[in-house]
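> Sequence:
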Amino acid sequence: MSRQHFFLVALLAVFSSACNTAQGVKKDVAIGAEKTGEALQKGGEAVGSALNKTGEVVGGAIKKSGEAVQKVVD
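The sequence shown lines up with residues 1 to 74 when you count with my numbering.
One or more of the hints may lead you astray.
[Unchecked claim] Under the rule of at most 30 Å between Cα atoms (straight-line distance), these lysine-lysine pairs were calculated in the BS3-like manner: (1) Lys27 / Lys42; (2) Lys42 / Lys26; (3) Lys64 / Lys53; (4) Lys35 / Lys53; (5) Lys63 / Lys53.
Hints are computed from structural coordinates only; laboratory data are not their basis. Here the structure is a predicted model, which means the values were calculated and not measured.
Generate the whole structure from the sequences, applying the supplied hints.
Now the structure itself:
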């Protein structure tokens, strides 16, 4: 095998592995972004649910306070 032939084969091998590595990195980044998006969505839903529950509790307390004040006034 001549030196030029060996160099060409080696260069193709390096280029091929570099392409596979780049594709692997792209896949890993896409998977990571997808998982992050799912986690953020679930976190947002949990926060929204908690805020709704807190709002209901506060609203109920204010309503009861208003009813109590109204009874005193009446």
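> Confirm or reject each hint.
The hints, checked one at a time:
1. Lys27 / Lys42: 23 Å, holds
2. Lys42 / Lys26: Holds. Lysine 42 to lysine 26 sits at ~24 Å (cutoff 30 Å).
3. Lys64 / Lys53: Roughly 17 Å separates the two Cα atoms, so the pair holds.
4. Lys35 / Lys53: 27 Å, holds
5. Lys63 / Lys53: 15 Å, holds
Figure legend: structure checked against the earlier numbered hints; every hint is met.
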